[in-house]
Structure formats: structure tokens, C-alpha cells
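Starting from two chains that each stand alone, build the complex the way the hints lay out.
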Amino acid sequence: MRKRTLCLFLAGIAVLSGCRKTETWHKSTLFYFDTVCELNLYCSAPAFMSAQTKVNQIFSEIQDHFAPNVSDLSSPLILDLFQKAKKVYHSSDGSFDISIAPLSQLWGFISGSYSVPDAQEISTTLKSIGMDKAKVEGGKIRLKPGMSLDWGGIAKGFGIDLAARALIQMGISMGFVNAGGDLYCWGTNPNNEPWQIGIKHPRQSGFLGILAISDLGAATTGDYQRYFSQDGIRYHHVLDPKSGHPARRNQSVTVIGPEASICDALSTAVFVSKDPALILEKYPEYGAILVDCEGKMSYLGKSYPFRPWKGR
Amino acid sequence: MDRRDFFKKILMTPAVAPLLLAANRTKGEGELYLITDNPEVFLGHILQGLRKFQAVSGINFSFSTAHPQEKELDHILKDAGWHRAENPTQADMSLAFRRLHQATRPSFSLVKSGQIWDIRSRKLYALWKQMNSSGPISRSLTVVTFSQNPIRRFSGESIAIYQSGRLIDKLTLGGQDTRIYALESNVIRVHKENGRAWIAESSCRHRICLLSPPVFLAGERIICAPNQFVLEVQGPRSVDTIIG
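Sequence order for the protein chains is A and B. The first sequence begins at 42 in the numbering used here and counts up one residue at a time. The second sequence begins at 88 in the numbering used here and counts up one residue at a time.
Next up, chain B with everything else stripped away, as it sits in the complex (with noise of 0.2 angstroms):
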């Protein structure tokens, strides 16, 4: 079947349209369309091929509807290492069921930001073609939803360090480093190490930034108030601003 033909077949169910509809405004994330009465026969090989482009990744899933091949699924991707989350909002992978309007060749497809994600993949290539020519026919659609993990997607690139709101330096958090800030009373010391960053001394009076955790996700930021000293971690943002 080729991407046409799949997409005629989709989209004529109905409850599908919102799905690739949704897909589209959910930039990084990818869908899985595999259709076929077996989902479990094929799945683990295609996330298995899929986790070698960084199409997958995580290991917690959970079904977002109930699926008649659920208990077979529960268990291939159990015995393939993945976790079935207690909390839902904690899954990578979440699986859902869907009934075709019109029967059809097996075959998958994957997603991604609203598009077809052509991956080239000779393995899934031969899974595809052994699917589609000898599979029976089936009116199943199991939609795979995948998340990327938020630390990877939100883990900060650099290092911003504002004294009295003026930008005074800026460093990549990546490697180790040490660097030294002499203020007009008060020496501030910031260790960057293993993406991380973090105040190793200061002279202030609350010492609140000595006892923060070491930061890492963009937004993150270390605040020495006495000083007016903020380390802050910039890149990709998952939150507009913290509190707390």
C-alpha cells in the first residue's frame, strides 16, 4: 500500500482525523500507525527498528484505550524491557485502539509533527513487505503515541550569569569548568560539571544559593539575591517561568 492509500484508508475513520490532526500541533513528538489484527507479532521488531533513529524513546507505556489485543501487547513489550506506567502522564509510549471503516493490507506507518516520517530502514522495509503481502486482511488500527523524554528535548545549552540584570558572562554547560566572580563585596564561585551548574561559594548572608540544587533544564536558574547575582540555564524552554 503505498502513502496514499494508507492515509485514504486512516482517514475514512472517522476518530483517526483528530489524532493526525493532534499530531501536528505536537512538535517532537511521533505516531505509530500499524494495522493489523496482530499487533503484537509486529510491534516489538518496529520499535526496535525505530529505536535506532532516535524514533523511541523511555521505557514506560500505557494504553489510552482499551485494546483486544491488549494482554499480548502487555506482555511482548514487557519481555522487549519496557515498563507499564502506574501514571499514565508518566508513559513514553501510549497505545491506542481504533476500528478501520474498511478492512485492509496490513502495514504500518510513522508520523511525525503532522507528516509522514519516511524513515529508510531496510529492516523495516522487509517488515513492511512481509506485512502488506502475506498478512490478512484487518479493519485494526493500534496508533502508537511516543514522547520525548522532556530532558533530553529540554536540557539547557548554555549558561547565562546577570549581576544587577546586566549579562556579565555566558558559557556552554557542557565540560567542566570553574569560574570566578568578583563582586564589589562578595567573590561568587560557579562549577559547571556533567551539564550541570551550581554556586560552589558564596559570602552572601542567606547562602539559599549555596544550598540550591544544580541546575540543568533551560529556565533553571540560581538566584543569589544579596548580590543580585542569577546563574540562569538557557536554551530550548519547556516553561515560560519557574516558581518555587
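Chain A extracted, bound-state conformation (with noise of 0.2 angstroms):
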């Protein structure tokens, strides 16, 4: 009797300890968007599987939808996404503009064949730019003749958006996903500390400073993340839809707040914007760490644990 009760616990024992999954922390790499994503998460590796799973379908489906010339615009994830990106237009009086693709084309930033246009070229192409002239009707966007829509500032942060809220649905405490330098970060990190970001220097090599984060998205819009250079003047992707110019106020831009998506977005209007300081008044959960075009930091809007690089 007492050899079987023993023989029943350890058998128990057993069971047990194969159905108990352990937890430790993931890593991997994806290519989406053009770029290197980034995964890191705590959980078990049969979880692992399923989250890569997920991120990659829901990764896929943002690509896809969110091309550029992409003709469905009825889609609801666009329809959504033409929402939250219309509201950040008015927010930013027309700093942020999705309806900038042509102009995008016209400088070269969406083909990689990279010019110059001249005066002409771009007031010409100005009068197809302004999201006001895009309206949903029927359950479409209906665009203008000679309108197209880039989603370049914005559907990152939104697929980033989504990617996260399956994985912590799916019941991962603590993790982050890095897309191409637009993040979003929840939980601690292995060090039972909030999350470590390292935010490029727009000029030179190592940090501009560290951010300490946790359950927030983060996202950076830079003069060095995209450009050429002719006759030794940089041109760079972050094109401002008044002047049809790349905006010259800063080098970099980045936004933290509870939403990457809107951080996305954000970062490229306050780059652009003469009145970052406004913008960020309507967003009162999100702030900014800008440095101006003579390398000069400074803060807007809400602060957060932010420690300056000092190893220079």
C-alpha cells in the first residue's frame, strides 16, 4: 500500500512537471516594413512559437494593406488608421500628412531614384497635398485626382500597436517590439528594471541618452534615417506638406506615450511643426526629446525617466 501511494506522488510528481511550461526570456529577429523588427519576450517556448506566429501574420497584413499605392482603401484597418491619422493632421494643423506620397515620389524617397525638383515641380505637386481633400464616403476613402496616401509615419507604430496587445492578450507579462526603431514596451526587463531604450545620436555614434520605460510605446523620426546628399546638402525623407521641403528645424525627434502608433505620428509632426509645443498640449500622456538643428536637446510635454548619454 504504501509502495503504490509512493509510486502514485512520484508519478504525480512527474506529470506535473512535464505540463509546467518554463518561462524565460525569447529573442528574434524579423523583416517587415522594410527594416529589422525586433522581439523579446518572457514566456514559455511553446508560447514563443505561437507569438512569432501571431506578429508575423499581423506584421504581414500591415505591410500589405499599408503599400504604397495600395488601391482597397476600404478596408476597416485602413479605414481606422485614416482616423487616428486624420486626427493627428488637425492636431498638428497639417504637419502630419498622409497624403504627402506624391511628393515623397516626386523627391525620390519612395522609388530611390533621389532628385531635386525644382520650384515648379513641387507647387505643382503641393496642390495634390492636404488630407482635407480625402473623405470617407460609402465606407471608402475617396481621394482626390492625382492624390495618394503614404503611410509610412504612422502604420509601423500601428502595426506595432497591435502586435502587442495580441501578445499581452495571449498572456505575456513582460516583453517589448522593436520595428524599426518604433517600439512599444511592457513589463520589466530581465534585470527586474523597466525597459533600457537607447535612442540613436542623430549625428554621431552611441546614444543622444537612455530612456527608462515600461508599458509605453516609443518612436524616433530622424534627418539621418533616410537621405541623400547633393552638392553637399542634405536632403532628407521628412518632408514638410507646406513647403514641400524637408523640414529644417531639427535633427531628431522622438515621442513616448502610451500608444506607438500615435508616437509614430507625432514624432513626424512635431519634427515638422514651427509649434511643436501645441501639438503636444492636446496629446497631455505623450512627450518629446527634440534636438534642434544645431545638436541642441531639449524637452516637450510629459517627462519621462530619461538619463542623457554622458560618455562623450
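There's no promise every hint is true.
As the list claims (entries may be wrong) - Some, not all, of what chain B presents toward chain A, calculated at C-beta under 8 angstroms:
1. Ile206
2. Tyr268
3. Arg283
4. Pro300
5. Val302
6. Phe303
7. Gly306
8. Val317
9. Val326
10. Thr328
11. Gly331
Claimed, not checked - Have a look at the derived ranges for each label pair, beta carbon to beta carbon:
12. Lys181(A) - Leu254(B): 25 to 31 angstroms
13. Arg253(B) - Arg43(A): 51 to 57 angstroms
14. Gly336(A) - Glu159(B): 34 to 40 angstroms
Treat the hints as calculated values from the structure; they're not laboratory data. Using N, Cα and C, we set each Cβ at its ideal position, and we do this for glycine too.
Here it is, written out as C-alpha cells:
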């Protein structure tokens, strides 16, 4: 009897041990949005496999829905993101504008055939710019002739939000999703601290500084991320929808806040705008770290833990 | 005064115990506890002695609390080549003042990662003996906190090369070398020199990888997205991930 009890007890332990899935940190690298995406999650191995599958599914869907010149403008995802983008457009007085695609095309930032357009070309193209000209009618976005949409300033953040939300719903309590420099992080890092996020310096090797955040998104827009030089002048991809030229006030802007998609859009808006403080007043849960055209750092909006990099 | 006596005196000051507990959390940094009414007389010599043991690095200092000898300390440190940091976060060394509950003989002790750091230095020992035997008793404690230079701490040790998520090469960051990676339809040339690495040649359409500055800190990357090519610096990290 005692032997049987002991055997049953040991068998029970063996079964329970097999059932318990050990949680640990898992990392992987994916390629979407023409860049590297990084996942770092605290979960069991089977959960990580499921998580990767889910993120692949979400990022593929986002990539397909928001590709340049996509013709279907009626999907729920597109309509949802259009409304988010429109809100930032109005809040920023047009500094963030997804109808900027014809301008991006003119400068060669979509095709990769870079060139500096003349004033006449810019003036003509500007007539097609302005999100107000796009309307949602009959469950579809209607564009005026010559208009096209560039979702690059918000789609990646949107994808990150969707992915993070899905992973949290799957029960993954700690981790981050970093897609080409936009990210969302939740829980604590492997050292049981807030996530330590390095912000790239816009001009030098090393970091501008380190954010210590959790349950937040962050996104950076910089004049060094995509540019070409001609006659010693840098022409970068962050175009001012009003002037048609690259915005010149800043070298980089990082926005931190509850949603990565809004951080993504606001980082562009704040980068371009001449009144960035006015924009952030409308988003009290968001803060920004700016590096102006002369390399001077400043802070706007809500403060988040940030230590400037002192290794210089 | 021996170590036990030193700690007894120090820990009787409630304000100091949190500092010692905090010291345990901040690995790699150290603290100097200096008991004397005239820290400006001894600090310069102590710092000189500690530099040889690499306990001290950097050149910027700041005061984290008001100090009765601030002016004298400022003067002595500047004479020794230190600079007063405009921004306290830029300081390699931070000075604070505490008043001990109980007066005691002058002495000093070094703490690292929450433990007494026993530095074997004849000069420092001689200085300690001189302070302890001849100095007037004191209730003044100067706590000097050292922050290790993050560049030295977090400079990478090696470079990992990934293509389509797969590790294809790994090399140390030291020395000088050029590696050529022939991908399906492109060639990427990676160069490393003086502890930094960069992409020297790439036929990708964006050319952002070519425009990226050399990388050297652990965690930094240069990415050639069209080729799914990643150059990553590996080593002890200061950050979990990078944006921008």
C-alpha cells in the first residue's frame, strides 16, 4: 500500500513537471516594413512559437494593407488608421499628413531615384497634398485625382500596437516589440527594471540618451534615417507638407506615450512643426525629446525617465 | 579605526544607510566615505591613489548636496584637473555631505557594489594612518560617488553579422580587418578599425547603411534592410534595445 502510494505520488510529480512550461526570455528578428523587427518576450517556448506566428501574421497584414499605392482603401484596418492619422493631421495643423505621397515620390524617396525637384514641380505637386481633400464615403476613402497616401509615418507604429496588444492578450506579461526603431514595451526587463531604451544620436556614434520606460511606446523621426546629399546639402525624407521641402528645424525627435502609432505620427508632426509645444498640449500623455538643427537637446510635453548619454 | 568600527559609526547616521543600500544596487560604481572636517586636505591625495587602481575615471564632478567645504573642495579638485559639470548627470564623480551622530577619528573607506573594497596601497594606508592618528575628531562625512565611464563599460567586444536572421559571421572588434560578404545579388564590405565597425560598401538602393556612422557600443547595429543584413556589436549592454 505504501509502495503504491509512493509510486502514485512520484508519478504525479512527473506529470506535473512535464505540464509546467518553463518561462524564460526569448528573442527573434523578423524582416518587415523594409527594416529589422525585434521581439524580446518572457514566456514559455511554445508560447514564443505562437507569439512569432501571431506577429508575423499581423505585420504581414499591415505591410500588405499599407503598401505604397495600395488600391483598396475600404478595409476596416485602413479606415481605422485613416481616422487616427486625420486626428493627428488636425492637431498638428497639417504638419503630419499622409497625403504627402506625391511629394515623397517627386523627391525620389519612394523609388530610390533621388533628385532635387525645381520650384515649379514642387508647387504643382503641393496642389495634390492635404488630407482634408480625402473623405470617407460609402465605407471607402475617396481621393481627389492626383492624390495618394503614404502610411509610412504611422503604419509601423500601428502594427506594433496591434502586435503588442495580441501578445499581452496571449498572457505574455513582459517584453517588447521593436520595428525599425519604433517600439512598444511592457512589464520589466530581464534585470527587473523598466526597459532601458537607447536613442540613437542623430550625428554621432553612440546614444543620445537612455529611456527607462514600461507599458509605453516610443518612436523617433530623424533626418539621418533616409537622405541623399547633393552639392553638400542633405535632403532627407521628412518633408514639410506646406513647403514641399525637407523640414529643417530638427535633427531628430523622439516621442514617448501610451500608443506607438500616435508616437510614430507625433514624432513626424513635432519634427516638422514650428509650434511643437502646441501639438503636445493636445496629447497630455505624450512627451518628446528633440535635437534641433544645431544639435541642442530639449524636452516638451510629459516627462518620462531619460538620462542623457554622458560618454562624450 | 577598523572596518567594523567604521561601519558602526557610519550606519548610526540614518541618512547614510540608504546610500550603502543603494551602493549594492549600482554595480560597477564605487563610493568613498571620508570622515574629516577638512576633506579638501585629503581628497586630492586619495583620488590620486585611487586612479592607479582604476577606481576613479573621468574628469567631471558635481555636488549632490550642499557641503560646508564646497568652495575649498571645488578649488582643490580644479587644481587637480577636474571640471565642475554643468549638468550633474554628466558628472563622473559626485560629492555629498552628511553629519554623523557621533564624532569619531578621521578616516576613509572605499565601498564597491555594497562591499568594503580593500585597496592595498602603501601610500593610501600611510595617509589613512596619518589621518586617523593625528587628525581632530570629526562629525563630518563626505561621500564621494564614482560613476564608471559608460563608454569604457559598454564598448562592444565583438561584431556579429546576420543575414536573413541567420548568423553568418562573428569577429572580435579589436584590430583592423575588412570582410566581404557576397549575398545573392549584392556585395557588402564591412570594415573594422580602432574598436569601431562600419559598412564600407553596399550596392543596396537606400544606401542608409553606408551613411550610418561607425558603431562600437554593445547593442548598436547597422542594418542594410534591402539585403536583410545586420551588423551588430555584442558585449555587456547598457540598453535592452535601440530606437532612432
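A quick look at each hint next to the structure:
1. Ile206: It is violated, given that the least Cβ distance between Ile206(B) and chain A is near 25 angstroms, above 8 angstroms.
2. Tyr268: 16 angstroms, violated
3. Arg283: 7 angstroms, holds
4. Pro300: 5 angstroms, holds
5. Val302: Hint on Val302(B): holds, closest Cβ of chain A at ~6 angstroms, below 8 angstroms.
6. Phe303: 6 angstroms, holds
7. Gly306: 6 angstroms, holds
8. Val317: 6 angstroms, holds
9. Val326: Holds - the Cβ of Val326(B) comes within 8 angstroms of chain A, reaching about 4 angstroms at its closest.
10. Thr328: For Thr328(B), the interface hint holds, since the closest Cβ of chain A sits about 5 angstroms away, which is under 8 angstroms.
11. Gly331: 3 angstroms, holds
12. Lys181(A) - Leu254(B): 25 to 31 angstroms: 46 angstroms, violated
13. Arg253(B) - Arg43(A): 51 to 57 angstroms: Cβ of Arg253(B) to Cβ of Arg43(A): about 55 angstroms, so the range 51 to 57 angstroms holds.
14. Gly336(A) - Glu159(B): 34 to 40 angstroms: 36 angstroms, holds
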